[in-house]
Amino acid sequence: MLSQNLRLAWHFFQQQKSASYQRLLRWTQGILMIFIITLSLTSNSIQDYLQNNLQGLLGADAVISQQPMLTQQQLSALSKLTNKIATTQQVSTTLTHGAQWQQAKLKAVDDSYPLQGELLTATTLHGTGQVTKGGPNTGDIWLDARLFASLSLNIGDVIVIAGQDFIVSRVLLHEPDRLMEGHTVAMRAMINPADMNGLGFSAELIRHRYLVNADTEQTNQLIKWQQAYLPAAQVYHKKGNHPLALFWKRTENFLGLASIILFFMAAIAIEQLTQIHMKKDQYFSAICMSLGASKLTGVQVSMFKWLLGIVTLLPAVLLLSTAAHWSIVNWLGGTFSDLQWSWDLWPVVRTVAAISLVFAVFHAPVWFSLYKNSVGRLFHNNNSGLSHWFSKMCSLLVLSGVAVSYSDNGLLTLMMVSAIVITIGLMIIMSWSSLTLGEKLTQQISGLIPFALFMMKQRILSKSTQIIGVGLSAFMLLFTLMLLKDLGASMSSYQREHDGNVIVSQATQGQMTHIQTWAKQNAINIRQSKPYMYAKLIAVNEQRLAAFTQKPSDSLATLSNAIRLHWTQVIPANNRVVSGQWWQSNSQDWQQVSIEQEIMTDLGLTLGDSLTFVVGQQSIKFTIAASHEFKPGGGSMTFWVQMPPAALAHIGGAHFNMASMELSDQQFHLLTPLWQKFPTLRMTSLKEMTARFDNILAMITKVISGFSLMIILLASVVILASVNALELKEKKKNSIIMSFGFTRGTCFKLNIIEWLVTAGITAAGAILGTYIAGLLIYQSQFSLTYQPDFIWLLLTLSLVLCSVTCFGIYASRHSLRSSVRTLMSEA
Amino acid sequence: MSCYIELQNISQSFQATQSKVTLFNNLNLRVEQGKSYAITGPSGAGKSSLLMLMSGLEQPTSGQGIYSKNGQSHSLAYLKTDIGFIFQQFHLLPELTALNNVALPLKLRGDKRAMNKAKIWLEKVGLQHRENHKPSELSGGEQQRVAIARALVFNPNFIFADEPTGNLDKDSAASIADILFDCCRENNAGLVIVTHSDALANRAQQVFSLADGQLNNPLANVEVA
Numbered sequence: 018m019l020s021q022n023l024r025l026a027w028h029f030f031q032q033q034k035s036a037s038y039q040r041l042l043r044w045t046q047g048i049l050m051i052f053i054i055t056l057s058l059t060s061n062s063i064q065d066y067l068q069n070n071l072q073g074l075l076g077a078d079a080v081i082s083q084q085p086m087l088t089q090q091q092l093s094a095l096s097k098l099t100n101k102i103a104t105t106q107q108v109s110t111t112l113t114h115g116a117q118w119q120q121a122k123l124k125a126v127d128d129s130y131p132l133q134g135e136l137l138t139a140t141t142l143h144g145t146g147q148v149t150k151g152g153p154n155t156g157d158i159w160l161d162a163r164l165f166a167s168l169s170l171n172i173g174d175v176i177v178i179a180g181q182d183f184i185v186s187r188v189l190l191h192e193p194d195r196l197m198e199g200h201t202v203a204m205r206a207m208i209n210p211a212d213m214n215g216l217g218f219s220a221e222l223i224r225h226r227y228l229v230n231a232d233t234e235q236t237n238q239l240i241k242w243q244q245a246y247l248p249a250a251q252v253y254h255k256k257g258n259h260p261l262a263l264f265w266k267r268t269e270n271f272l273g274l275a276s277i278i279l280f281f282m283a284a285i286a287i288e289q290l291t292q293i294h295m296k297k298d299q300y301f302s303a304i305c306m307s308l309g310a311s312k313l314t315g316v317q318v319s320m321f322k323w324l325l326g327i328v329t330l331l332p333a334v335l336l337l338s339t340a341a342h343w344s345i346v347n348w349l350g351g352t353f354s355d356l357q358w359s360w361d362l363w364p365v366v367r368t369v370a371a372i373s374l375v376f377a378v379f380h381a382p383v384w385f386s387l388y389k390n391s392v393g394r395l396f397h398n399n400n401s402g403l404s405h406w407f408s409k410m411c412s413l414l415v416l417s418g419v420a421v422s423y424s425d426n427g428l429l430t431l432m433m434v435s436a437i438v439i440t441i442g443l444m445i446i447m448s449w450s451s452l453t454l455g456e457k458l459t460q461q462i463s464g465l466i467p468f469a470l471f472m473m474k475q476r477i478l479s480k481s482t483q484i485i486g487v488g489l490s491a492f493m494l495l496f497t498l499m500l501l502k503d504l505g506a507s508m509s510s511y512q513r514e515h516d517g518n519v520i521v522s523q524a525t526q527g528q529m530t531h532i533q534t535w536a537k538q539n540a541i542n543i544r545q546s547k548p549y550m551y552a553k554l555i556a557v558n559e560q561r562l563a564a565f566t567q568k569p570s571d572s573l574a575t576l577s578n579a580i581r582l583h584w585t586q587v588i589p590a591n592n593r594v595v596s597g598q599w600w601q602s603n604s605q606d607w608q609q610v611s612i613e614q615e616i617m618t619d620l621g622l623t624l625g626d627s628l629t630f631v632v633g634q635q636s637i638k639f640t641i642a643a644s645h646e647f648k649p650g651g652g653s654m655t656f657w658v659q660m661p662p663a664a665l666a667h668i669g670g671a672h673f674n675m676a677s678m679e680l681s682d683q684q685f686h687l688l689t690p691l692w693q694k695f696p697t698l699r700m701t702s703l704k705e706m707t708a709r710f711d712n713i714l715a716m717i718t719k720v721i722s723g724f725s726l727m728i729i730l731l732a733s734v735v736i737l738a739s740v741n742a743l744e745l746k747e748k749k750k751n752s753i754i755m756s757f758g759f760t761r762g763t764c765f766k767l768n769i770i771e772w773l774v775t776a777g778i779t780a781a782g783a784i785l786g787t788y789i790a791g792l793l794i795y796q797s798q799f800s801l802t803y804q805p806d807f808i809w810l811l812l813t814l815s816l817v818l819c820s821v822t823c824f825g826i827y828a829s830r831h832s833l834r835s836s837v838r839t840l841m842s843e844a
Numbered sequence: 526m527s528c529y530i531e532l533q534n535i536s537q538s539f540q541a542t543q544s545k546v547t548l549f550n551n552l553n554l555r556v557e558q559g560k561s562y563a564i565t566g567p568s569g570a571g572k573s574s575l576l577m578l579m580s581g582l583e584q585p586t587s588g589q590g591i592y593s594k595n596g597q598s599h600s601l602a603y604l605k606t607d608i609g610f611i612f613q614q615f616h617l618l619p620e621l622t623a624l625n626n627v628a629l630p631l632k633l634r635g636d637k638r639a640m641n642k643a644k645i646w647l648e649k650v651g652l653q654h655r656e657n658h659k660p661s662e663l664s665g666g667e668q669q670r671v672a673i674a675r676a677l678v679f680n681p682n683f684i685f686a687d688e689p690t691g692n693l694d695k696d697s698a699a700s701i702a703d704i705l706f707d708c709c710r711e712n713n714a715g716l717v718i719v720t721h722s723d724a725l726a727n728r729a730q731q732v733f734s735l736a737d738g739q740l741n742n743p744l745a746n747v748e749v750a
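Chains as they are written, first to last, in our numbering: chain A, 18 to 844; chain B, 526 to 750.
Simulated from the structure, these hints should not be mistaken for lab results. Where a beta carbon is used, it is the ideal one built from N, C-alpha and C, also for glycine. Treat the hints loosely; a few may be bogus.
[What the hints assert, rightly or not] On the chain A side, residues computed to face chain B include the following (Cβ under 10 Å):
no., residue
1, Ser752
2, Leu767
3, Ser836
All chains, full assembly: derive it from the sequences and hints.
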């Protein structure tokens with residue numbers, strides 16, 4: 018019976034496969050499958066790469082990383098746990114040579130370095146790498162090729178760091194423990210530990226790493242020891258997670274979340290096409306049942322037919338997603354060096370199964386209607402209202418599933434979904450009110466426009482679906498493009514306006530005092546200056562952070578490192594309290610903090626929760642007293658965690674400062690001596706920031722362009738599907754109009770008016786939606802004031818109007834091929 | 526002044542896959558406003574094609590069609606605005622109520638009193654109590670009455686009806702025929718019906734039979750030139 022039904026399904030599938038509704042269904046499914054399979058394959062390649070990378074680039078079996086140096090007691094405890102230890106120290110500096118300066122990571126390694134792998138150096142810029150044991154001799158410095166070239170150095174040149182001369186003796190080609198800096202592109206230099214001590218950098222600026230050789234048992238003991246005695250330190254080991262694994266997971270989640278809109282559009286397209294599928298399958302099922310077949314036959318044939326559609330689509334989908342995967346892996350080669358393309362079956366199978374399930378849920382209303390309806394109903398295509406609601410519920414279920422599975426940033430998900438829901442609501446209200454009002458106002462006016470409005474009002478349900486489908490596509494496209502445009506423009510102008518053109522991100526107390534005097538002497542305006550200390554969050558409500566939450570998020574990624582803890586008595590001008598109460602000036606309770614709202618949401622924190630921070634070597638418990646958020650207008654320097662100044666009396670950590678200054682073009686040369694005096698001063702000019710930002714923007718542009726292409730493709734399919742679903746009705750309407758003595762030209766004009774009205778509502782809805790999304794998301798996610806460019810929005814409105822109208826008219830051309838004769842032949 | 530449609534030496538043929546099929550040859554016919562005509566004949570004889578030619582919506586292979594209005598002769602293309610159609614399948618727009626379906630041609634013409642006029646016509650066909658019902662909520666006979674009201678609401682000079690009772694039971698068919706003939710008479714509209722039903726055909730003032738490409742007048746009281 019099953020094989021018989023399968024053969025029947027194959028027969029009908031062959032007959033229907035070239036029908037336009039089948040072609041559109043294939044396009045919808047194909048585009049989504051290509052996107053999701055490519056995302057899955059790419060993600061798998063990167064996670065694999067990171068795992069292998071972890072094995073080969075740790076430079077040891079395990080690494081303990083923390084800012085302070087281990088005490089003698091801790092070091093001897095560590096020695097008991099392991100076979101061999103190598104120590105490295107790192108500090109961020111700015112190196113200068115002549116008039117040129119460049120930020121770099123300065124690293125000192127002891128004689129045991131490296132424990133595993135090879136340290137490669139060369140004697141010329143493009144020389145062959147030689148395996149080297151131990152770091153440079155005292156007084157020597159090795160620089161990586163990029164740093165070497167950017168400072169225009171030659172072997173034998175002298176570099177001055179904090180008043181001390183260093184001879185450039187080798188070019189640094191490869192460090193086996195490079196993984197620890199894998200996610201930065203900072204330039205690198207290496208010196209002897211004795212020189213590092215001689216430079217006299219503040220201890221709090223130097224990060225210490227202990228590379229150890231250890232078997233599995235020793236590694237486990239090491240982890241336990243670290244958790245007990247060094248809770249603020251980080252341990253990386255060969256069996257653990259790559260530091261970048263979390264970062265990539267978040268990227269994948271962000272793209273996945275963005276794909277919710279693709280699923281939404283697919284849901285609309287499939288829902289439109291389902292109407293045709295339902296009619297065809299119901300008719301077939303009714304014939305089968307009238308000939309004595311069971312109800313199940315119709316359902317089975319329909320299911321097989323659907324399955325055949327998916328199976329026959331797979332070869333093209335796999336080929337295209339493999340090609341896309343290959344291109345992306347090549348492109349990502351710039352970020353993940355040595356990333357190799359490989360094709361894995363399992364993630365593909367898993368993804369195809371998941372997405373097929375999603376499509377099955379979208380298609381379920383067809384099977385449901387076949388199962389629920391009687392022969393009579395099937396013949397007359399009279400569906401119960403139940404089927405309609407079932408269809409809506411199916412779409413909602415799938416979209417919620419997608420949102421939940423990809424969401425890692427609760428606030429962003431909420432905002433994204435809110436923006437979509439608001440846009441849909443707006444478009445429904447706008448469709449209904451503008452058509453009702455339009456119809457009422459034009460009742461006393463003669464002509465085609467009142468008639469078109471009247472007809473659209475009468476078909477409000479199907480028109481609204483069309484408007485929502487096209488409108489959401491336009492909304493998403495506009496939002497992504499607007500984000501791209503505005504991120505670049507408003508970020509630089511805003512920062513310039515409020516923060517000056519040089520940002521000091523880390524200055525010690527001594528450095529800051531010097532900067533203040535230096536600024537006064539040179540008439541440089543320091544716009545803002547805020548103190549902070551580094552603090553590492555280790556526990557929430559007495560539970561280790563890693564155990565408290567495992568869900569990857571922006572907040573968790575940042576909190577896995579030490580964060581800046583700011584103290585202030587009053588609420589900063591650029592903050593507002595969202596919940597809880599800010600501390601009073603006379604409060605004796607110093608163990609309270611205010612936490613940024615996004616962290617509260619991401620980590621699921623509530624007022625009254627206790628947070629344990631490690632500052633220096635001291636563990637301090639705070640209670641969350643308030644939650645704050647960024648408020649524009651008072652500069653962009655803001656802190657995630659803030660405490661009362663009274664806490665300073667109880668905490669012994671080193672103090673740092675953030676500051677912003679405005680320098681004229683002629684004053685920029687004054688920075689070089691400042692860096693020569695304080696190589697560890699972290700200071701960035703706007704020009705550098707813009708250059709860095711441009712690189713990020715270029716990468717985002719590529720990703721967004723690819724995503725926009727998907728949206729445009731799916732938007733076209735949505736328009737085609739909605740036109741296709743209404744084509745028979747439209748044909749009939751045109752034929753009837755012609756039977757009243759009107760020409761095909763009249764029908765064409767009516768068609769243009771209908772599409773202009775549809776596009777008008779669509780564009781207005783999309784722009785309003787984009788505006789709301791801008792207001793919601795810009796502030797919270799990018800800390801930007803949203804200042805829409807109305808000329809740009811109007812231009813976009815015209816462009817959307819023209820494109821949708823033209824494409825809609827083009828798509829509806831078949832419905833104009835109607836005549837009175839067709840009405841007669843329908844006997 | 527009365528209008529009439531005249532077909533002179535009209536022939537209609539089309540190319541099938543391998544051969545040329547001739548529906549009719551050198552056919553002459555005249556229909557006048559205010560009178561009723563029926564065209565009968567076997568399926569495939571070309572009755573619907575003749576209706577299309579008569580209404581000016583299709584062009585003949587050879588011959589000429591004339592529309593005479595107010596003493597002036599025009600081509601049949603000029604006829605388009607003066608005709609209404611009634612179909613076997615009713616062809617009402619399913620999303621519109623009965624009232625809106627009837628008002629449709631008036632709204633297209635920009636008539637500001639469209640709804641009032643539509644109400645009057647619904648009353649004429651006895652469906653004033655069903656004005657807010659959609660086609661799916663009406664019986665076949667009721668749907669055809671709405672279609673008749675829709676065809677006549679804009680006062681066309683001629684009504685072309687293609688099997689108007691073909692989908693109805695005997696009682697409904699008789700009732701529809703009454704309404705159709707009465708309304709056309711009241712409105713002074715010429716009525717041309719294509720039908721297989723002798724009962725319906727016999728109610729027309731003139732009956733033609735189209736068979737083997739020839740148009741015969743069995744009652745011999747027709748104005749066949």
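| Index of numbered hints that the structure contradicts, given in increasing order | none
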